[in-house]
Amino acid sequence: MTHNWCKIIRCRLGIKITCGVSKRSMLGLLILLVLSFWLSVSYAQEPKSSDETDGCLSCHASVTPGIVADWQNSFHAKQSPAEAVKKEKLMRRVSADSIPEYLAMTTVGCAECHTLNQEKHNDTFAHNGFQVHTVVTPEDCATCHPIEKTQYEKNIMSYAHIILTNNPVYHSLITSINGIQDFDGTKTSLEDPDELTNFESCLYCHGTEVMVQGMLTRETALGEMEFPILSGWPNQGVGRLNPDGSMGSCAACHTRHQFSIQMARKPYTCSECHKGPDVPAYKVYQVSKHGNIFFSVGKNWEFESVPWVVGRDFTAPTCAACHVSLIVTPEDDITAQRTHQMNDRLWWRILGVIYAHPHPKSPNTAIIQNKAGLPLPTELSGEPVSEYLIDEDEMLRRKETMKTVCLSCHSTQWVDNQFARFENTIKTTNEMTLTATKILSTAWDKGAAQGLPQGADLFDEAIEKKWVEQWLFFANSTRYASAMAGADYGVFANGRWYMSKNIQEMVDWLQFKLKDKDKRE
Amino acid sequence: MTHNWCKIIRCRLGIKITCGVSKRSMLGLLILLVLSFWLSVSYAQEPKSSDETDGCLSCHASVTPGIVADWQNSFHAKQSPAEAVKKEKLMRRVSADSIPEYLAMTTVGCAECHTLNQEKHNDTFAHNGFQVHTVVTPEDCATCHPIEKTQYEKNIMSYAHIILTNNPVYHSLITSINGIQDFDGTKTSLEDPDELTNFESCLYCHGTEVMVQGMLTRETALGEMEFPILSGWPNQGVGRLNPDGSMGSCAACHTRHQFSIQMARKPYTCSECHKGPDVPAYKVYQVSKHGNIFFSVGKNWEFESVPWVVGRDFTAPTCAACHVSLIVTPEDDITAQRTHQMNDRLWWRILGVIYAHPHPKSPNTAIIQNKAGLPLPTELSGEPVSEYLIDEDEMLRRKETMKTVCLSCHSTQWVDNQFARFENTIKTTNEMTLTATKILSTAWDKGAAQGLPQGADLFDEAIEKKWVEQWLFFANSTRYASAMAGADYGVFANGRWYMSKNIQEMVDWLQFKLKDKDKRE
Amino acid sequence: MTHNWCKIIRCRLGIKITCGVSKRSMLGLLILLVLSFWLSVSYAQEPKSSDETDGCLSCHASVTPGIVADWQNSFHAKQSPAEAVKKEKLMRRVSADSIPEYLAMTTVGCAECHTLNQEKHNDTFAHNGFQVHTVVTPEDCATCHPIEKTQYEKNIMSYAHIILTNNPVYHSLITSINGIQDFDGTKTSLEDPDELTNFESCLYCHGTEVMVQGMLTRETALGEMEFPILSGWPNQGVGRLNPDGSMGSCAACHTRHQFSIQMARKPYTCSECHKGPDVPAYKVYQVSKHGNIFFSVGKNWEFESVPWVVGRDFTAPTCAACHVSLIVTPEDDITAQRTHQMNDRLWWRILGVIYAHPHPKSPNTAIIQNKAGLPLPTELSGEPVSEYLIDEDEMLRRKETMKTVCLSCHSTQWVDNQFARFENTIKTTNEMTLTATKILSTAWDKGAAQGLPQGADLFDEAIEKKWVEQWLFFANSTRYASAMAGADYGVFANGRWYMSKNIQEMVDWLQFKLKDKDKRE
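Protein chains in written order, with my numbering: chain A, 1 to 521; chain B, 1 to 521; chain C, 1 to 521.
Hints in this document: simulated from the structure, not taken from any laboratory.
Small disclaimer: the values here were computed from a predicted structure and weren't measured.
We put the CB at the ideal spot given by N, CA and C, even for glycine.
Heads up, some of the hints might be wrong.
Computed from the model, here is a short list of chain B residues facing chain C with C-beta under 7 Å [as the list claims (entries may be wrong)]:
#1 57
#2 60
#3 62
#4 204
#5 268
#6 278
#7 516
Here are a few chain A residues that sit away from chain B, every Cβ distance over 10 Å (derived from the structure) [claimed, not checked]:
#8 179
#9 309
#10 395
#11 412
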C-alpha cells in the first residue's frame with residue numbers, strides 16, 4: 001500500500017519522495033496525501049485527450065500498458081497545441097505558426113498522430129472504426145513541428161539510407177561485412193547478405209525502407225483483425241524511407257512514446273548509433289572532461305526546460321548542447337539557435353569516409369563523383385572533390401557558430417587552441433590514411449591483392465579490411481578524440497596506437513606476400 | 001551537524017532531502033525534525049532483531065561497519081518473516097508457505113542466516129558462543145525462499161562450475177588461456193594454470209569449490225580466535241560449490257548484505273559477468289533502445305516494488321524484466337511469472353558454444369556427448385545433438401512466454417519480425433562459424449596445425465584461437481546484438497565486421513603456412 | 001515560470017523537488033515558496049565575495065556564464081577560509097593552520113585565485129585593472145591546502161610530464177605512436193610527431209609544459225585587450241609544468257570551477273585518464289562488485305561530507321575511497337587518512353611498465369637506470385632494480401594501510417586471500433611478459449627485427465608493437481582485474497585471453513620471418 005500512496009503523492013504534488021518501506025513514514029504520508037488531494041481539486045482543468053484517443057486508450061491501456069504510460073508522462077498528454085503555440089518564442093516547443101483547428105484543443109494522443117495524413121500513408125488501414133497507420137513520420141510530426149522537419153531534411157542523417165544503398169562503394173562494403181562467406185578447401189566465396197541481416201545491422205541506424213507487402217488477418221483478444229504486412233519494420237533509423245514518402249524517424253532520438261526532449265538531450269540516445277569504433281562519439285565523450293561532469297553531477301541538471309540555459313540548467317555540454325539545442329545565457333541572450341540540421345555547427349566531415357574533408361553541400365552524398373569516377377568526396381590520394389563540398393567561408397561560419405557555444409565557459413584562446421589541435425589532427429590522420437592507401441595500392445599494383453586495378457571488390461580481402469580499419473576506425477576515432485577532447489580514447493583505446501601498428505602490420509603482410517609470390521614466379 | 005540531521009529526517013520521514021550546505025536551510029530542517037520525531041514516537045513498533053543478532057552487531061557494527069549498514073538498509077532488517085509471509089500472493093517476496101517458528105518473529109539478521117543448518121555446513125565453527133558459518137548458501141536462503149532455490153537448480157548457471165571443470169573440452173580451453181607459456185628459442189610450451197589464477201578469472205563468475213582446509217588461530221581485537229581456512233574463498237560465482245553441498249550463490253545477484261531486489265533488477269549486476277566479448281549482453285543493452293531509455297529516465301523508476309508493474313514502475317525492460325521478474329500490468333494481470341530458472345524464457349542457447357542450438361534439457365551440460373564422442377551439444381558441422389536438447393514444442397513455449405513480455409509495449413507484428421530477424425541470425429552466424437571451422441579443419445588435415453586428427457590440444461595455437469574468437473566472440477556478439485536489438489554492437493564493435501575479417505585472416509594464414517610447408521617438403 | 005520557482009525553493013530550502021510540468025502542483029509550491037522566503041530572511045548572513053571578485057563577475061557572469069554558475073555552486077562561493085579553518089580537525093577541508101588575512105573573510109572567488117602569487121607567475125598580465133594569471137596552480141591552491149600540495153609532490157602523477165619526456169625509452173615510445181609514417185613502395189619511414197599532437201594525446205593526461213610565448217591583442221566585447229599567448233594550453237594534466245614553476249593541476253580531478261569533492265570522489269573523474277587498455281582501472285571497476293554497487297545504489301550516497309563515513313555515506317568504495325579519501329567509521333574512528341600521495345596505499349607498480357615491480361622510492365622515475373643502462377626499473381629479464389624501489393617493509397606498510405580500508409566490510413581471511421591472488425597474478429603476468437620478451441629477443445638476435453642489439457628503435461616494428469601490447473595492455477589489464485576483482489575484464493575483455501593468444505601470434509610471425517630469411521640466405 002505504501003508504494004501506491006507514494007506514487008499518488010509524488011504525482012500530484014511534484015515532491016520527490018523516496019518510497020521507503022518503513023511504516024513509520026505512513027502517517028506523514030497520509031498528511032501529505034490529504035494536502036495534495038485538496039490541491040488537486042482546487043486547481044483549474046488541464047486539457048483533455050480527444051474522444052478518438054480515448055477510444056484507442058480504452059483497449060491499449062491494457063493491451064500495451066508500457067507505451068500508454070510513456071505517453072501519459074509526455075508533454076503530448078499534458079498540453080494542447082493551442083496552448084503550446086501561444087508561448088513566448090524562446091519557450092516554444094512547436095514551430096508551427098498555427099495549428100489545424102481540429103487538432104488544437106485536445107492533447108496530442110494516439111489518434112492525433114496515427115490518423116494524420118491518411119491519404120499519404122500507404123500503410124493506412126481500418127482499425128476499430130479508424131483509419132490508422134503504424135508508422136508515424138516526420139511529415140506527420142511537421143504538422144506542429146515544421147521547422148524541425150525542414151532542417152532535418154538538410155541533415156545528412158535524413159539521407160542515411162539512401163547514401164548507403166545508392167552508393168555502390170558503400171553497398172559493396174556492406175556486402176563484404178554482412179555477406180555469407182564459404183570455404184571450399186582452397187579459397188573463400190562471398191554471397192550477398194539477406195535483407196533481414198541488413199535490417200538489424202547497418203539499416204538499424206541508417207533506416208530501412210518500410211513498405212506495405214499486403215494484408216494479414218490475425219486472431220486478437222478482440223476477435224479477428226486485419227493488419228498491413230510491413231517489410232523493414234520495426235525500424236527507427238535516422239534515414240528511414242517511410243510509407244508516406246518522407247524520410248527519417250523523429251523517434252530515433254525522441255523515443256516513442258514520451259518523445260522526450262530530456263532523452264534527446266542525454267548522450268545515451270546518441271550512443272545508440274554513435275558508440276562503435278566507426279563513430280565513437282559517445283566513448284570519447286565518456287572520457288572527456290565534459291562527459292565526466294555530466295556523469296558526475298548531471299543528475300541534478302534540468303533537462304526539460306526550453307530554452308536550455310547554460311550555467312543554470314546545465315554546466316557542461318551533452319551532445320545536444322553542442323550540436324542541436326537552443327542555448328541561451330541566464331540573461332536570455334541566445335548563444336546558439338536550435339537546429340535539426342546537425343551539420344549547421346560542423347565544418348569537417350570526419351566519419352565514415354576515407355579522408356576527412358569539408359562537409360558536403362548536399363545531404364545526399366550519393367550524388368558525388370570524384371575524378372576517378374568513384375562516388376567518393378575525395379580522390380584516393382585524399383584530395384577533396386571541392387565542387388561538392390562547402391567552401392572556406394561556409395566552414396568558417398559553422399566554426400564560429402560552434403565557437404559561440406564553447407565560449408560560454410571557455411576563453412577565446414582556449415577555444416582557438418583547441419580548434420587548432422583539431423585542424424592539425426585532420427591533417428595528420430589524413431596523412432596516416434594516405435600511407436595505408438599507398439601500401440594497399442602497392443599490393444594491388446603488384447597483384448598481391450585484387451582491387452581497383454583489377455576491377456575487383458575493394459573490401460573483401462584481409463589486407464583491404466586492415467586498410468578500412470585504418471580510416472573507418474583508427475583515423476576516425478583519433479579525430480573524434482581530438483574534436484571532443486577525449487584523449488584517453490584517441491591514444492590506446494582505438495586511436496593513434498592502432499594507426500601506427502596497423503601500418504606496420506600491412507607492410508609485414510605485403511612483404512610476406514610478395515616474397516611468397518616471387519618464389520612462386 | 002547539518003548532515004546528521006538530514007539523515008535522521010530522511011530516514012524517519014521517508015522524504016528525500018538534499019543535504020545542502022547552506023545554513024539557511026537549517027531552520028526549515030529543524031521544523032521537519034520536530035515533526036518527524038513526533039511521527040516516529042506516535043507510530044507502532046517495528047519488528048526487532050533477535051538477541052543473537054544483537055550479539056553479532058555489538059562487535060560487527062564497529063568491526064565491519066560497511067556490511068552492517070548495508071544490512072540495516074535491507075528489507076531483512078525491517079520486516080519479520082511472519083509479516084512477509086502474510087502478504088497477498090502477488091506482493092510476496094518469500095515463497096515459503098510457512099516459516100520455522102524460531103525465525104518468524106524477529107528480523108532476518110546476522111545470526112538468522114549465518115547459523116542456519118549448522119549440521120550441514122562443513123564450515124561451521126565456534127565464534128563467541130555461536131556456531132556460525134561464513135558461507136551462506138542457497139540451501140540456507142531456501143528456508144524462506146524455497147521456490148527460487150528449486151528454480152535456480154534448473155538454471156544452467158547453477159552448474160556453471162561443474163560445466164567448466166567436468167567438461168574436458170572447456171577444461172582444455174581454460175588451460176590454453178590461463179596456463180603459463182614459455183619459449184625455448186624455437187617453440188612454446190604450456191603449463192597448467194594454478195588454482196589462484198582460476199579462482200580470480202573463470203571461476204570468479206562460474207563459482208569456485210569452497211572447501212575447509214583446516215583451522216587457523218588469529219589474534220584479533222577481541223583476543224585470540226579460531227577460524228576455518230577456506231579454499232576458493234572469497235567467491236560469489238553463480239555455480240559455486242558450497243561447504244553444505246549446495247550449488248550457487250544468491251549473493252551473486254542479490255549482493256550482500258542488502259540482498260536488494262533493486263540491485264538484481266538493474267543491469268549493472270548482470271554486467272559483472274555478462275559484459276566481456278564472450279557474453280556481451282550488457283554492452284548490447286547499452287546501445288539498444290531499451291538501454292537508452294533505462295539510462296536516460298530509469299532513475300525515476302520504482303525498482304523495489306513487488307510485483308513489478310510495467311508502465312507504472314518502469315517503462316523499458318532491464319535484464320531482469322525480460323528474464324526473471326514477476327511482471328504485471330497496471331490492472332495486476334500477470335504478464336510473466338517470476339522465474340529463477342532464467343532459461344524459462346530462452347529457446348536458443350547462443351553463448352559459450354561453437355554453434356547456437358536449442359537449449360539443453362538438463363542444466364548439467366557436462367553430460368552431453370556428440371557423435372564424435374566430444375562433450376559438445378553439436379557436431380563440429382553444427383548439427384545439434386538433439387536428444388539432449390529441448391524440442392520445438394518447448395522452444396515455442398519459451399518463445400511465447402518471452403513474447404508476452406514484449407507485447408506490453410510492442411505490436412504482435414513488431415515482435416514477430418524482431419524474432420524472425422533473430423532466427424535468421426542464428427542461421428547466418430552458424431554458417432559463418434562453419435566456414436571458420438572448415439578452414440581450421442583443413443589446417444588440421446594438412447598438418448598446418450595440430451588438433452583433433454592429431455589428438456592434440458584444440459585451443460593452443462594461434463589459428464585455433466582465431467577460430468575460437470569466431471564463435472566465442474564474434475558470432476555470439478552478433479547474436480546478442482540481434483536478440484536485444486543493439487545493432488551498433490553487432491556490426492563494428494564486435495560483430496559481423498570481425499566475423500568477416502577473421503575468416504579472411506584465417507585463410508591468409510593457412511596459405512602462408514601451406515606454401516611454407518610445401519617448400520620445406 | 002514553474003521552473004524558476006522550483007529552483008528558488010530548491011535552492012533556499014535544500015529540499016529536492018522534482019519540477020514537474022503539472023500546473024496542479026503550483027499552489028503547493030507557492031506555499032513552500034512563502035515558507036522558504038521567510039526562512040531566508042530570518043537567518044543570518046553568509047560570507048560575501050570580495051570587491052575584486054565582484055568586479056570579475058560583473059563581466060564574466062554574462063561572458064562565461066557556465067563557469068560562473070559552477071563557481072556559485074561551489075564551496076568556494078559559500079564559505080570564507082576563516083570559517084573553514086575553524087572547523088574540527090576531521091571535518092576540515094583546508095589544511096593550512098592559518099590563512100593570510102586579506103583572504104580570510106571573503107569567499108574564494110575569481111580574484112582570490114587568479115591574482116595569487118602574481119610575481120611568481122610568468123603568465124601574469126594586466127586585465128581591467130587587475131594583475132591576473134590564467135593558469136591557477138597547485139602552488140596557488142597551497143595557500144589554503146598546503147598539505148595536499150606537499151603530498152601530491154610525492155605522488156608519481158606530479159612527475160607525469162617529466163617521466164614521459166625526460167625518459168628516452170618513453171620518448172621513443174611516443175614517437176613510434178604519434179609520429180607520422182610514410183611508405184615509399186618498399187618500406188616505411190617515421191617522422192617525429194608535432195607538439196599539437198602530443199598536447200592532445202599523451203600530454204592531455206600527463207600534462208603539458210605551459211609557457212608564455214608573447215602577448216597578443218584581441219578585439220573583445222569590451223574593446224581591445226591584451227592577453228599572453230600560452231603554448232601547451234589548455235591543459236589540466238596531472239603533471240603539468242606551470243608558468244610559476246610548480247607541477248601538476250588540481251583541476252585534473254577537482255574540476256574547475258566547482259572544485260567539487262563530489263566529482264573527485266566519483267569514478268568518472270579517474271576514468272578520464274584511467275580507462276584505456278593501458279590503465280583500465282575504470283573498466284575493471286565497472287565489472288567489479290564494488291562498481292556494481294556504486295552504479296546501482298550510489299546515487300543515494302553522500303559524496304560531499306568530510307570526513308567520509310563508511311557504511312553511512314557510502315557502502316562500497318569508489319576509486320577515492322581506496323586510494324585518497326579520509327575514511328572514518330560511524331564512530332569517527334579513522335580508517336584511513338586522506339592522502340594526495342596516491343601510492344601511499346600502493347605497494348606494487350603495475351601499469352605503464354614492462355614488468356610489475358615494487359613502487360619506486362622517488363616519484364621522478366626518470367632518474368632510474370638498470371644494469372643494461374636503460375632508464376627502466378627492471379632489467380629486460382624482469383629483475384627489479386632494487387636500489388630505486390621501496391623495500392619489503394615499506395611494501396608491507398602500504399599493504400596494511402590498504403587492508404584497513406578493506407576490513408571495513410570484509411573479513412581478514414577474505415582480504416588476505418584476495419591479496420594472495422593479486423601477488424600470484426603479479427608473478428604469472430610477469431612470467432608471460434618474460435616469454436614474450438624472449439620471443440622478441442630471439443627476433444632481434446636473429447635479425448628478424450631490429451632492436452636493442454642493433455641500437456635500433458624498440459617500438460617501431462609490428463612484432464615490437466605486439467610485445468608492447470603484451471605488457472602495456474594485456475599483463476597490465478590482468479593485474480588490474482586481479483587487484484580490483486573485476487574478473488570479467490581480465491579474462492576475455494583485455495586480459496589472459498590476449499596474453500595467451502599474443503604469444504602464439506608472435507611465435508607464428510617469428511617462424512614465418514625466419515623461414516623467409518633462411519630461404520633468402
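Do the hints match the structure? See the list:
1. 57: For residue 57 of chain B, the interface hint is violated, since the closest Cβ of chain C sits about 12 Å away, which is over 7 Å.
2. 60: 10 Å, violated
3. 62: 6 Å, holds
4. 204: Because about 3 Å separates residue 204 of chain B from the closest Cβ in chain C, which is inside the 7 Å limit, the hint holds.
5. 268: 4 Å, holds
6. 278: Constraint on residue 278 of chain B satisfied, holds at 5 Å.
7. 516: 6 Å, holds
8. 179: Given that some Cβ of chain B is not farther than 10 Å from that of residue 179 of chain A, nearest at about 7 Å, it is violated.
9. 309: 20 Å, holds
10. 395: 28 Å, holds
11. 412: 34 Å, holds
Taken one by one, the earlier hints fail for this structure at numbers 1, 2 and 8, listed in ascending order.
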